[in-house]
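Novice: Note that the protein sequences, when read in sequence, are chains A and B. Per the numbering used here, numbering through the first sequence is continuous, rising by one, with the last residue being 315. Per the numbering used here, numbering through the second sequence is continuous, rising by one, with the last residue being 490.
Calculated directly from the structure, the hints in this document are not laboratory data. Because the structure is a prediction, the values reported are computed rather than measured. No residue lacks a Cβ here, since even glycine has one placed at the ideal position from N, Cα and C. Fair warning: there could be bad hints in the mix.
[What the hints assert, rightly or not] Chain A stretches covered by chain B per the calculated footprint, using a threshold of three residues with CB under 8 Å from any CB of chain B: (1) 23–30; (2) 33–44; (3) 76–89; (4) 207–214.
The chain contents come next:
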Amino acid sequence: MTPPEASTITAKQRPGDRIFSTATLVAGVLILVTLAAVAIFLVAQSLPAFTAVADDFKGDAENFWQYVWPLVFGTIWAAALALIMAVPLSIGIALFISHYAPRRLAQGLGYIIDLLAAVPSVVFGLWGITVLAPAVQPFYTTLTEWFGWFPLFAGPVSGTGRTILTVAVVLAVMILPIVTALCREIFLQTPVLHEEAALALGATRWEMIKLAVLPFGRPGIISASMLGLGRALGETMVVAMVLSPSAIISFAVLQSQNPTTIAANIALNFPEAHDIGVNILIATGLMLFTITLAVNMVARYIVERRKEFSGAN
Amino acid sequence: MSLTATPPQAPVTQNGISNSLTAGKLPRYASIYVLVGALAASSAVFGLVAVSSGELFNIAGAVFCGVVLYTASIWLISRLVEGSRKAADRFVTALVATAFTIALLPLISVAFTTIVNGLPRFDAAFFTESMRNVVGAGGGALHAIMGTLLITGMAALISVPVGLLTAIYLVEYGRGKLKHGITFFVDVMTGIPSIVAGLFAFALFALVTDDPGVRMGFGGAVALSVLMIPVVVRSSEEMLKLVPNDLREASYALGVPKWLTILKVVLPTSIAGIITGIMIAVARVIGETAPLLIIAGFTTSMNYNLFADRMMTLPVFVYTQYMNQGTDSQAYIDRAWAGALTLILIVALLNVVARIIAKAFSPKTGRR
């Protein structure tokens, strides 16, 4: 449905109309202004950080880029691990809800998955630290014993289970609902005629999904994953609570020394930061903002381009 | 073990002619039999291990191995009876159902642990006392609950008018590049990390008040608004689009001005959906921790003034109780879990009320 088209006959402009339409316009523009303000204020407050000297930084970093690089690595690494786990699972769940579950149950099942999105992140943090980390620790030990030759699973294993892999699992759980919801919407929009044509040719349900649903939904799946990635990049509390941070670059996912993320680093250090320390943290926040903005804009651009047949927004 | 579920190859009808329609197919409930068989087999093995080693029966392990065994055996049986294409279909069905079950595990686990760990301190004192001068056991989260209500209320007060007016602009007035731009950037805004919103509020108020260590509740409300506005815009926009054009045209035909049409026809028709969207948006930001940690800070005392001093909120309360445990650490952990339980209950309540409003008052042209 589209709003009524502008006709050639112009209505009489009443004061009420003018006030109301201006108010709505102002609100709309205010959003653009806010987004610009976020960028401007962050840049303004982070300028001193770029010229800061070695003494201003925590740890061994000598300039801002040396300080921020391990954090950027940690942020992307944790989010990527989470995405690798979440996307296949989400596609499976979305297919289950859209094409396997009985029609009457489907709405309810979707709602159950959405419940995961309603759990506050700080609760996930508590859960990750008290339930998940001790539960997976024995599994990690076995993993290093059997697959320690593989660089990712190299020992020595962490004794608490509080590693970047645990963080990635919790992050995966947190981005699961949004990726699932978007994939589900797209799968439901597959033209019924395509599906029926496949079935009429004798395809089984899986072949029908392979032939009709997945090719149709591919751009949607990509953009849903990128939106999930955006979420995972910016998630703070879980990382801050579960990891004991260190400024290192390491791909090993089971050791007790783990790279931390930008967001968690800010949350942990901001309350005690002062003077230029605040500016440095805001500058790292600016980096995070830039990364997530880029990821989200690419994702939205893909959605926008395929708008006529993907309902991913 | 699971092979006992294998049916006769071609069911034979009463007069002895094999039914070509059901030949080469597994019977209807074959997958359920195989699942039960696989679970029984794996729990039998795990039971034997538990008895012989004297350890506790490993439920998770038994279920996991049972599901793996089921997936393998249904594929094998189907492959033997029905051929490779059907087998692949059954294999994927098993995988997809497993994916859904896996997603349920964290949900159940989170709900269960929060309730079990939260109940010990979920008492009257928790809701009537603050943490002022409390060391060790005792104390409560009244200051945090108060702060959460004030800050979230203020955020809603800012976001609802802006969000709703923007949605009206997008649906009723907007056209061309500006409309596209706003739609695009509202979507982009949905992806702003919450901690960046907190840093923005901090940077803004640090410049405005000229205080490099500024902490105030209002800043938290601004940060939450940045996160909340796009959600309100998106959901209100969807709801306004659902209002049939016939209603608008009927109103114009009667000579009603456009702004009155919107106020008296379009909004009342979609108000249930809009309120639902707003409540879900509130439920989303009420659990935000990071921005409030940055700009609202934490304290142990009551603070009713949004415009001065630190203000505690429930998520930050949970976080600080857990991260800064005192000598009597169990008391801190109990308080953290009780806070988490309160938070989940508030979010659940908001969601349930939102769904009820959506169900009860939705217009007849609604989606459901």
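Novice: Decide, hint by hint, whether the structure agrees.
Specialist: Cross-check of the supplied hints:
no. : hint    : result
1   : 23–30   : holds (count 7)
2   : 33–44   : holds (count 8)
3   : 76–89   : violated (count 0)
4   : 207–214 : holds (count 4)
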